[in-house]
Every structure is written in C-alpha cells, then in structure tokens.
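Residue numbers (my numbering), protein chains in the order written: chain A, 8 to 414; chain B, 312 to 631.
If you're looking for bench data, these hints aren't it; they were derived computationally from the structure.
Quick caveat, the model's predicted, so the values are computed rather than measured.
Cβ atoms here follow ideal geometry from the backbone N, Cα and C, with glycine treated the same way.
One thing to keep in mind: the hints can contain errors.
Straight-line alpha carbon distances no greater than 25 Å define the calculated SDA-like cross-link-like pairs of lysine to any residue that follow [to be verified]: (1) A:141 to A:117; (2) B:534 to A:120; (3) B:455 to A:78; (4) A:340 to A:290; (5) A:24 to B:396; (6) A:24 to B:456; (7) A:140 to A:253; (8) B:318 to B:515.
Some but not every residue of chain A turned toward chain B, in silico, with C-beta under 8 Å [what the hints assert, rightly or not]: (9) 20; (10) 69; (11) 71; (12) 75; (13) 110; (14) 112; (15) 125; (16) 132; (17) 182; (18) 195; (19) 198.
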Amino acid sequence: MSLLELDGVKVHFPVKKGLLFDRTVGHVYAVDGVSLSVEAGQTYGLVGESGCGKTTLGRAVLRLNDITEGGVVFDGTDLAKLPSEEMRAFRRRLQMVFQDPLGSLNPRQNIESILAEGMAAHGIGKDAAERRKKIEDILAKVGLPSNAMSRYPHEFSGGQRQRIGIARALVLEPDVIICDEPVSALDVSVQAQVINLLEELQESLGLTYLVIAHDLAVVRHISDVIGVMYLGGLVEEAPSDALYAGPRHPYTKALMSAVPVPDPEVEDRRERILLHGDLPSPANPPAGCRFHTRCPWVQETKCATERPPLLDTGDGHKVACHFTAEIEAGTVKQTLATGIEAVIGTETVAAEAVETAEAEAPAEKPAEDEAPAEEPAKAEAPAEEPATVPAQADADATEQTEDSPKA
Amino acid sequence: MTILTNKADKIDRLAELTQSSETVTGSSLWREAFRRMRSSKMAIIGAAIIAAFVLVAIVGPWLAPHGPTAQNWRSEVFPNQGKFVGMRGENWFGLDHLGRDMFSRWLVGARQTLLVGVVSMLIGLIVGALVGVLSGAAATLGGKVGQRVDTVIMRFTDIMLSLPSLLLAVSIAAVLGQSLTTVMIAVGVVQIPIFARLLRGSMLVQGGADYVLAAKAVGIRRKRIVLTQILPNSLSPVIVQATLSLATAIIEAAALSYLGLGNPDPAVPEWGVMLSQAQRFFDNEPMMAAYPAVGIIITALGFTLLGEAMREALDPKLRG
Ligand SMILES: Nc1ncnc2c1ncn2[C@@H]1O[C@H](COP(=O)(O)OP(=O)(O)OP(=O)(O)O)[C@@H](O)[C@H]1O
Ligand code: SF4
Ligand SMILES: [Mg+2]
Numbered sequence: 008m009s010l011l012e013l014d015g016v017k018v019h020f021p022v023k024k025g026l027l028f029d030r031t032v033g034h035v036y037a038v039d040g041v042s043l044s045v046e047a048g049q050t051y052g053l054v055g056e057s058g059c060g061k062t063t064l065g066r067a068v069l070r071l072n073d074i075t076e077g078g079v080v081f082d083g084t085d086l087a088k089l090p091s092e093e094m095r096a097f098r099r100r101l102q103m104v105f106q107d108p109l110g111s112l113n114p115r116q117n118i119e120s121i122l123a124e125g126m127a128a129h130g131i132g133k134d135a136a137e138r139r140k141k142i143e144d145i146l147a148k149v150g151l152p153s154n155a156m157s158r159y160p161h162e163f164s165g166g167q168r169q170r171i172g173i174a175r176a177l178v179l180e181p182d183v184i185i186c187d188e189p190v191s192a193l194d195v196s197v198q199a200q201v202i203n204l205l206e207e208l209q210e211s212l213g214l215t216y217l218v219i220a221h222d223l224a225v226v227r228h229i230s231d232v233i234g235v236m237y238l239g240g241l242v243e244e245a246p247s248d249a250l251y252a253g254p255r256h257p258y259t260k261a262l263m264s265a266v267p268v269p270d271p272e273v274e275d276r277r278e279r280i281l282l283h284g285d286l287p288s289p290a291n292p293p294a295g296c297r298f299h300t301r302c303p304w305v306q307e308t309k310c311a312t313e314r315p316p317l318l319d320t321g322d323g324h325k326v327a328c329h330f331t332a333e334i335e336a337g338t339v340k341q342t343l344a345t346g347i348e349a350v351i352g353t354e355t356v357a358a359e360a361v362e363t364a365e366a367e368a369p370a371e372k373p374a375e376d377e378a379p380a381e382e383p384a385k386a387e388a389p390a391e392e393p394a395t396v397p398a399q400a401d402a403d404a405t406e407q408t409e410d411s412p413k414a
Numbered sequence: 312m313t314i315l316t317n318k319a320d321k322i323d324r325l326a327e328l329t330q331s332s333e334t335v336t337g338s339s340l341w342r343e344a345f346r347r348m349r350s351s352k353m354a355i356i357g358a359a360i361i362a363a364f365v366l367v368a369i370v371g372p373w374l375a376p377h378g379p380t381a382q383n384w385r386s387e388v389f390p391n392q393g394k395f396v397g398m399r400g401e402n403w404f405g406l407d408h409l410g411r412d413m414f415s416r417w418l419v420g421a422r423q424t425l426l427v428g429v430v431s432m433l434i435g436l437i438v439g440a441l442v443g444v445l446s447g448a449a450a451t452l453g454g455k456v457g458q459r460v461d462t463v464i465m466r467f468t469d470i471m472l473s474l475p476s477l478l479l480a481v482s483i484a485a486v487l488g489q490s491l492t493t494v495m496i497a498v499g500v501v502q503i504p505i506f507a508r509l510l511r512g513s514m515l516v517q518g519g520a521d522y523v524l525a526a527k528a529v530g531i532r533r534k535r536i537v538l539t540q541i542l543p544n545s546l547s548p549v550i551v552q553a554t555l556s557l558a559t560a561i562i563e564a565a566a567l568s569y570l571g572l573g574n575p576d577p578a579v580p581e582w583g584v585m586l587s588q589a590q591r592f593f594d595n596e597p598m599m600a601a602y603p604a605v606g607i608i609i610t611a612l613g614f615t616l617l618g619e620a621m622r623e624a625l626d627p628k629l630r631g
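Isolated chain B, as found in the complex (with noise of 0.2 Å):
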C-alpha cells in the first residue's frame, strides 16, 4: 500500500503544477519556465548530457571506426582463459569476448538504446494518455455514469501501479517471448498507468477552472471543451513526465535485457545487450560491463535531471 502512495502521490503532485495558470498564464507559462531553467545548473547539464547522447545515437554509426560486428580481433582474445584485450590506440575501448571492437559497439549502440527508450516511452505515453484522457474527460464532464468509468478506470491503473513496475515488465515479457520489441512492450505497459493517472490528474485540475465552467456556460459542447479547452492546457506535466520516463524506460529495458528477455540476435548492439553479454566475463574483464553501464547511467541521469529541472521550473511553490 505504502508503495502504491508514494508513487501515485508523486504522480498527483506532478498533476497539480499547471494548476496555478491563473496566475502565470498558459503560453507564458513555459516562456517563464524556460528562462527560469536557463539559470539552474541542473537542466544545463541535464541538457547537455542528452545532446551529446542524442548526437551520438544519431552519427554514431558514421563515427564508428570498426564495424560493430567485424570479429577483426577474433583471434587475439580467449574468453575461456580469461585472456582479453582492453584500451589501445586502435581499440579505444578494446575488445569484447568475440574480438570485435567495443568503441564501435557502443557508439552503435547507443541508437539503438535511444530507440529502445524513445518507443517505450511512447508506448506508454501514447496508451496512458488515451486511457487518462477517457477517464479525465468521464469525471470532468460526465456526470454520474462517467464517474463511475473513471472511478473504475483508476482502480484499474492503481492495481498497475502498485506491483513493482519490473516484475511487471518481466512477466510481460515472459508471455511474449524473447525480442526487442517484447522488451518496448514491456516496459511501455509499465508506463501506461503512470501516464494514465497523471493525464488525468491534470485534466481534473483544469476541468475545475473557472475557464472550463465559462466555456460550459456559453454553451460549447463537452467533447470539444475536453479537445479544445481542458486537454491542452493539461499537457505540461506530461511533458515533463515523458522526459522522466525516458530514463526510466532506458534502465528497465536494459535490466530487460541484462535479464536475457531482450534482443536475441547479437548482429546488433545495445548498451543492455553489451551489458548482459558482459557479465559472463565480469571477473576477468569488468570493463566490458562498465562501459555499456555507465552509458546507461549517464544517459538516465540526463533525462532524469532536465525532467526535474522543468518539474521545478513549472512548479508554483517554487516560483518566485
């Protein structure tokens, strides 16, 4: 229980921050936030780290000295007596247990670990804001019956949220079978309930402004004051959430992996992949892990502090 009201009550926290539009207004709202993180170290370096990893992800595979799966080396390293070849000039992050090249390996992997983060991300956005927007829209503005589709929606997504978000992702991906798109699935499904709350949290807000009430008033039909007045003016948490979730989506896919639920053809390089691969050789050669590791690391730290850094700039306690 205890887990399921620290996370839900971050997520309602999360809700609440367009709430104060009454005092900074909606297009200025994100004009003020963005001068406000101009000045916060934390959403500098946040943003940074994700240039460069988006950077990489993108003309990595150009950059990439070797190709990623030439075994050019094959003869030099000996996995089984535990004979490997680290850092040289040549290899800059030497090789791995098959003798290919792991510099190349990670700058190509790190579009692929990118495009793992970004689709499960969007898997979760894109269904939880589908299932939040029903539930907002049936509470805000649909009477008695539509309370009780919101009420029983939310249950629903309560009972999601509550189990621990991996064991989620690993059943899921145990009856799905072993592959990369098992693992988006997976950790988008977990995502769904946590978009679903937070869209919908948001809408309650805005649906109890005194500018959807006018809009009831003049008469405008609900559908359209849920498309045109509520939803839009509801969107910045999860904007903010989706930048979260990118980081998130970044190390639950690689556990998924690390776990061996991931990709199984080894043609193609991941940070998970790389990672899980590398800990049948941790005692011989750590490196080989520490590489794919501390990309993942560094990438979901930058996402996690410009998703912080907006979560402050947007908050109106912090607000000057």
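Chain A on its own, in the form it takes in the complex (with noise of 0.2 Å):
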C-alpha cells in the first residue's frame, strides 16, 4: 500500500451571495474527482496550468482547505474524516513547502521563533535550549548559517526564504512535504539549488514527495510519476520517463509540443500542437470531457457528453481519453485546426480554418455513427501535413501558446 492516497478527492468552493444572509450560488470545482497515490521515498510531480486545481489539491491533503467528497488515505488512516485535533497531530508527519517564501513567513517572527513553534505544538525537545540545538542541525542542513536564527524574514533572499521554509518543514521530522511551486518564486539561477536541496534532503532523510509546478521542466528531473492535471482532474499519470518518451493525452501531447528541444534542427522540424480558447472557468467547467473545448482530437460523440475515466493504457501509463488507442493509432485524426496547418498557408488561411472548424465540430451532430467520426474535411487536409514552420506563423503560434504552461 502506498504511503499516501487520494481516492476521487473533491474540493468545492460554494461562491456565496445575499444581502442579509449569504446564501450559496453556485460552486468553483477546484479539484473535481482526484485519485492518485504516492510511494513512500519517491516523488510525485503535478504538473498543469495555473488555476487547474494544483494548489488547492495540496492543501486538501494538509486539511487547509475542507474536502468536499473522498478520502486522502495516509499510512492507513483515511485523514479526511479525521477530528481537527487528530488531524493537527497528524500534520507533524505531512508538511508543506509554499509557493511564496515571504509571504509564508510572519514578518513579525524571527527564525527561531518560527521553527521552534512547530516544534512546540508537537512537543518535539523538552525545552528551549533542546530545540535551538535542532533548529541549528536542520539550518545547516539547509545550508543556511546558523545566525541566521535571530534575524527576521526580511532580511534573507528569496532562495534563503524557501530554504527557511523547508527548515520549517524539516524540523517536524515529517514523512511527506507537500511542495507546491517551490521554486516558481525564485530566480531561474536559484532554482536548480533549491531542487537540488530537495532532492539531497530527499535521499539523506527518505522523504517522499508531491512536488506541484506548472512547468514541466521543474518536475522532470525529481519526479518519479508525473500527474498531469487539467481543470480541477487528472488527464494523464505515468513515470516519468514514460510520460515524456510518448505523452497519450492530447492535453499532455500540446503541452510537450511546447517544449523546446536543444537540436535546432529537431527543433526546426517539430510539430507544434496549438491549444486555441482560454482555459474554461472551474466555476462552470465543459460536460464530458473537461478538455473537449480545446481538444484538437475532439470527436463528435461521447467527447462532449461522457467524462473519461483515467484508465491504465499498459505499464501503468494511465490517460484519461476515450480514444487514447485511436489517437495512438492514427486512426483518428485532428478535428479541429490547429497550428501545425500554418504550415501550409498563411495566417489567414490558418485562421479560417479554426474558424470553420470550430464551427463545424461541435455542430454537426451524427445520427448512430459505430465508426470514428468523420472530421471536418477542410481541418483534415491541412492537418495531415508536417512541415516547417514560417517565421511569420511562429511568431503567431507562440503567442498562441501562451495560457500553456511554458517550459
């Protein structure tokens, strides 16, 4: 069993509204039915766009926001249902590292003061002077002088910030460390020494972890699984080098295309999968397939109507796409217009197309069709056609791209 499990974790925010009494309107899902699980000592990375869910995941596990339906399952106790006192008890063993090392800092405290208080409410070392000499090892630890214990927030840098705040965390002695962006905050120069750090700790003290970023690139190299997260759901879960050696989702596949790769001559020639339309409102998120307004894949029947389980499609590569093994095949193709077809005309011509085939898609509605849905035959063409990419047209798709995580 591993060490920690979400089983369809919900997290609904009602939004509320009322003169004198509030009364609730509707709901924000957040996070809409999650269930993944974590091996003790390995790391599991979350990747998607901001406002999929990813932070407010995170914090369910901790308890700090309330879950609204499943269970979060750590070392066998469902935390979920647990009275708040037990679950504070519980929040020694699950920490957190916070995506704004300042302002997860209380600019009133010193640093002492700040690590020593966990330690406290845990009664973790007898006295003071006990949990000063712990205080001093897990600084150094974290490669922060000891000094630095009677100075106050403001007076570190942002990559000393974080640090701070994984003392915070590693001063509990914890099992797991919820990290969520930990390092989207700092300087790219700062980045890699703080993941380093994470990964050291990791090895030195057997922690497990679910490490949240919006950038693929972060997650790669410390991620043993990677969860790829879309609208408050996941679309895609593999090992890590499985997920990057064929991403299945069409979701996961537009993201990679956006990735650029070193070889400038690969890179000439790489296809790039443009997502158009904006990231839909978890307050109102798309029937059926949440990603069915942006799919380039998107077909006529069940995409629109049925929400796709995350099924494993082999060696626990798990996609959540009713026509993963079409897609994988060839046998269906892309509906809906999407950058590559640049290629071969003008931007105009490119935009038309989306256009029309945004259009045609969602309109055209088969009677009992047994076969793939025929696409649209002015999307298909264009399409099936890899080529290079016009400068002009390039410009056009990166800013395109731009609501897509960005490497």
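Mind assembling these two chains? They're in different frames, but the hints should get you there.
Written out as structure tokens, the structure is:
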C-alpha cells in the first residue's frame, strides 16, 4: 500500500451571495475527483496550468481546505474524516513548502521563533535549548548559517527564504512534504539550487514528495511519477520517463510540443500543437471531457457528453481520454485546426480554418455512427501535413500558446 | 442603506491597509510609514496641534492665572442686561456670565475634553476590538459554526453602524441620565461597531495570508494562531482609526454636552459644557462660545490630519 493515497478527492468552493444572510449560488469546482497514490520515498510531480487546482489539491491533503468529497489516506488513516485535533497531530508527518517564500513567513517572527513554534506545538524537544540545538542542525542541513536564527524573514534573499520554509517543514521530521511550486517565485539561477537541495534531503532523510509545478521542466528530473492536471482532474499519469517518451493525452501532447528541443534541426521540424481558446472557468466546467472545448482531436461522439475515466493503458501509463488507442493508432485524426496547418498557408488561412472547424465540429451531431466520426474535410487536409513553420506563423504561434504552461 | 455602505466601505478600505505586508514587512511597515510621514505637511501640522493640545491639557491647570471656578469679577457682568466683559489684560479671553476668567477655564477645560475624548475612544476601542477579535477569529478559523457566529455579530454591528451616530449617542445618554460618564459611554458605544468591523476586516485579510496557512500547516493551535500571528499583524488600521476616532469623540462629546446631556456640575469646566453655557448669551457675547468652539475644532482637526496622514503613509497604493 502506498504511503499517501487520494481517492476521488473533490474540493468545491461555494460561491456566496446575499444581502442579509449568504446564500450559496454556485460552486467553483477547483478539484473535481482526483485519485492518485504516492509511494514512500518517491516523488510525485503534479503539473498543470495556472488555476487548474494544483494548490487546492495540495492544501486539501493537509486539510488546509475543506474536502468536499473523497478520501486522503495517509499511512492507513483517512485524514478526510479525522477530527481536527487528531488532524493537527498528523500535520507533524505531512508538511508543506509554500509557493511564496516571503508571504509564508510571519514578518514579525524571527527564524528561531518560526521554526520552534511548530516543534513546541508537537512537543518535539524538551525545552527551548534542545529545540535550539535541533534548529541549528536543520539550518545547517538546508545551507543556512546558524546566526540566521535571530534574524527576520525580510533580511534574507528569496532562495534563503525558501530554505527557511524547507527548514520549517524539516524540524518536524515529516514523512511527506508537499512542495507547492517551490521554485516558481525564485530567480532562475537559484531554482536549480533549491531543487537540488530538495533532492539531497530526500536521499538523506528518506522523504516522500508531492511536488507541484506549472512547468514540466521543473518536475521532470526529480519526479518518479508525473500527473498532469487539467481543470480539476488528472488527465494523464505515468512514470516520468514514459510520460516524456510518449505523452498519450492530447493535452499532455500539447504541453510537450511547447517545450523547445535543444537540437536546432529537430527544433525546426518540431510539430507544435496549439491550443485555441482559454482555460474554461472551474465555476462552470465543460460537460463530458473537460478538455473537449480545446482538444485538437475532439470527436463528435462521447467527448462532449461522457467524462473519460483515468484508465491504465499499459505499464502504469494512465490516460483519461475516450480515444487514446485510436489517436495512438492514427485512426482518429485531428479534427480541430491547430497551428500545424499554418505551415501550408498564410496566417489568415490558418485563422479561417480554425474558425470553420470550430463552427462545424460541435454543430454536426452524427446519427448512430459506430466508427469514429469523420472529420470536417477542411480541417483534415492541413492537419496531416507536417512541415516547417514559417517565421511569421511561428511568432503568431508562440503568442497563442501563452496560456498553456511554458517550459 | 447608502449611509451604511459609505461608512462600511470606508472601514473596509482601512482594514485592507495591511494587505501589502508581503512586500513591506511587519516592523518595517511602520518604519516606512514614519519615514513617509516625516515629509508630509498634514502629518506635521496634525502632530504639532496634538502636541500643543496635550501639553495644554497636562500643564494647563498650573498655568491658569486664576481659579477656573472663582467668580472673582461677579460684580462686573450682568448677563440679564447683556453686559459682558471681553478681552483685557487681566482676563485674556474675557469673563463668562458668572464673572469667571474664561482663559483659566479654557486651559483647565482642555484636560477635561482630552479625558472625555480618550476615555470614550478607549471604550469604543476596547469593546469594539473584543467584538472584532471574536468575529474575526470565528470567521478565519472557526469553521462553519464560526462563520455563522461571525455573520450574526457582523449583521448586528452593521445595524448599529447604520444608525446616525449622534442619534444613537443621544438615545443612550437619555437612558443613562445626565453625567460626564454618560457622555463618555454614549460616545464610546457609537465607536464600538466601527472598531469591531475594522479589526475583523483586518483579521480576515491577515487570516488569508500564507503565513497563517503555514502556521496551521505546521500544526499550531487555532487560538494561538489568532493571538500570536493574526492579531499582531492586524493592528495597524486600528491605530489609525483610534487617532481618527479621537477627533469624532471630542466633537460628539461636545455635542452631547451642548445638548445638555453632559456634566451637570458647572464647577468643572469642559469645552463642551462651556459651549453649552455660552449658547444662552450668544447674541450678546459670541466670543464666549468662540473660545471653546475653536479649541474643539482645532483639536479635532489635529487628530484628523494625523490619522489621515498615517492612513496615507500605510496605504500600499499610494506608496512609491
Ligand atoms: N478559497 C477559494 N474560494 C473560491 N475559489 C477558490 C478558492 N481557492 C481557489 N479557488 C479557485 O479554484 C481554482 C483553482 O485554484 P488553485 O489555486 O488551486 O490553482 P493552481 O493550479 O494552484 O493555480 P496557480 O498555478 O495559479 O497557483 C481557481 O479558479 C481559483 O480561483
Ligand atoms: S476524450 Fe475527446 S476531447 Fe477529451 S481528450 Fe480525448 S479526444 Fe480530446
Ligand atoms: Mg497554486
């Protein structure tokens, strides 16, 4: 059994309105049915674009958000149903590193006080002196001088502050640390240092991580397993190498295609899958497959009506798409125009194609059709034609990819 | 309804002042504010007026050339015939209707006025802060029950807030009877919902900060989080409001005294009482009303200027 198992976790935030007493007028479906498991000593990387519910999911594990439905089983105990005082005790074993290093440190407390407070709350160390000794140890482990203890958060650099945040988690000797975008607020030059520190600590202390990132590059080399989130749900989960070698979900394919390849020749020939449209609002998510409003492979059957479950497609590679096998086999083609056809035409042609395809695809409801639906002809032809991307269309393409995570 | 929204909006905006503590941190938030205030004319004038007022309030009774209640010149004034004595070498501010030295009464009255202002404000501050802490704590960390508690408290304070403050004060004073304590309680009660809403709002802003979440994640108990983390970081707007409230408290206390709800003992001079006594003779001797009135206006102005300057200095949107 895994150390940490999430079973159909949902976090819905009520949207309230009212003159005298608040009425619930709707919900933000921030996390909507996520199941995953994290093995002891391993790292689970969770990626997805901004607003897809990563932070909410991470916080739900520690019950910093109320869990609407589902279970969070940690070491055999379902945390979701635990009374709050018992949950408080469990927090010693499950810790969190926050996205904003400065914001997550109380400006009025010095470092010793910040670190000692948690220890005192869990009865770690007999007295202040013993705690101080331990704090010194941990500060050394995360690469901070011991004179840091009497200083205040604003006196440190961004990277140092994140080390303090890591130390705050470590003094409690946790089993699991949830790292919510641990480096996204840091300078690129410091990011690698902090990631390396996390890796070293995992090795020496046997930690288990759930690392959240909006950036595939950050999680790639530290994760054993990677889960890709879209609009509150997991769309793909696979061992890190397998995911990078062959992404199977259309959303993951699109994410990956946005990652530049170092080899310039390959880079030139690289196909880019462009997502059109914006991320739908989690307050009003699309029915059926959450991704169907933007999916280049969207089909007229099922996609808009049935939510695909996350199914194992072999070797622990799980995908939530009705047409995984067909897309792999090539029997289902891209139906919505993507940036790829910009290759053969000018920008305007591409834009027109997008428009027509958009207009036609959802409109035509085929009668009972067993075979995968036929794609609108206009979109099909250009989609099959991979070639080099002209400079102008390329610039346009980069602009369009803006709202999908960048590498 | 518009009265409520105006008042409430103003309070809520003030409550959000500390929101920016991610960029400017704790102790340096105020250090930075002081630095900005040093170059603000508003702050300097306000502080100078307050300093002068406090000085007069403290040492005034010793500086007073005559006894404030001694009717030394009783034989020189005939209020019934409209005969008064104005400024003169011996009596800088002239004499009142009983032949007492106005300047001495004015100096001694400053202390009483300051006392009434400070005590009223403190009543509002202490009770309001307690209500606000309860509400804020319930809202930030109390779960579903807490949110209900908070909603009930806040609706109640909103109702208090929507009543015109002077009307509320007059009603309270009418119930309690005529005395100085009455004035202080009445003026203080009016301030309660302001401080309550303000502190609660400020605590909600702080309660949503990452460091509070981090403290919760580390396993610190709720009560402790409220007392050691949220509360200390929520006080800046309250300090600003306390300064602004001194101005309103002084004006409202004077108004109550003027309406005859204040100190019935004419022996103790107080600016509000002096003003109320002067009204009968306003036609013949307007200066008798002018001295206490100017004292009240200038003092209230001083507190308002300083309070507004602090608010500006703390406001992240105005910060460079
Ligand atoms: N307390 C809340 N009340 C209502 N809605 C919320 C709350 N917290 C988050 N949300 C909404 O839930 C959705 C998911 O937010 P979340 O912070 O989990 O996203 P994220 O994936 O971490 O994004 P980012 O990369 O920007 O950190 C967002 O649409 C957000 O607006
Ligand atoms: S189920 Fe349909 S819409 Fe969803 S990812 Fe698969 S092909 Fe695209
Ligand atoms: Mg986030």
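Here is how each hint holds up against the structure:
Of the pairs offered as hints, the one joining residue 141 of chain A and residue 117 of chain A holds, with about 16 Å between alpha carbons and a cut-off of 25 Å not exceeded. A threshold of 25 Å between alpha carbons decides the hint, and for residue 534 of chain B with residue 120 of chain A the separation of about 17 Å falls inside it, so the pair holds. Taken as a hint, the residue 455 of chain B and residue 78 of chain A pair is honoured in the structure, with Cα atoms around 20 Å apart against an allowance of 25 Å. Simply put, residue 340 of chain A and residue 290 of chain A have alpha-carbon atoms about 31 Å apart, too far for the 25 Å limit, and the pair is violated.
Of the pairs offered as hints, the one joining residue 24 of chain A and residue 396 of chain B is violated, with about 65 Å between alpha carbons and a cut-off of 25 Å exceeded. Of the pairs offered as hints, the one joining residue 24 of chain A and residue 456 of chain B holds, with about 18 Å between alpha carbons and a cut-off of 25 Å not exceeded. About 49 Å separates the Cα atoms of residue 140 of chain A and residue 253 of chain A, which puts this hinted pair outside 25 Å; it is violated. Taken as a hint, the residue 318 of chain B and residue 515 of chain B pair is honoured in the structure, with Cα atoms around 18 Å apart against an allowance of 25 Å.
Proximity of residue 20 of chain A to chain B is violated relative to the hint, the smallest CB-CB distance being about 13 Å (cut-off 8 Å). At its closest, the beta carbon of residue 69 of chain A sits 5 Å from a beta carbon of chain B; the interface hint therefore holds under the 8 Å criterion. Given the 8 Å rule on beta carbons, the hint for residue 71 of chain A holds: about 6 Å separates it from the nearest Cβ of chain B. The interface hint given for residue 75 of chain A is violated, since its Cβ lies 13 Å from the closest Cβ of chain B, which is over the 8 Å cut-off.
Here the hint on residue 110 of chain A is kept, as its CB sits about 4 Å from the closest CB of chain B, short of 8 Å. For residue 112 of chain A, the shortest C-beta to C-beta distance to chain B is roughly 6 Å, which falls under 8 Å, so the interface hint holds. Hint status for residue 125 of chain A: holds, given a least beta-carbon distance of 4 Å to chain B, under 8 Å. For residue 132 of chain A, the interface hint is violated, since its Cβ never comes within 8 Å of a Cβ in chain B; the closest pair sits about 14 Å apart.
Interface restraint check: residue 182 of chain A against chain B, minimum CB-CB distance 14 Å, threshold 8 Å, status violated. Look at residue 195 of chain A: its Cβ only gets to about 21 Å from chain B, farther than 8 Å, so that hint breaks. For the restraint placing residue 198 of chain A at the interface with chain B, the shortest Cβ-Cβ distance is roughly 19 Å, beyond the 8 Å limit, so the hint is violated.
Checked against the numbered hints above, the structure breaks hints 4, 5, 7, 9, 12, 16, 17, 18 and 19 and satisfies the rest.
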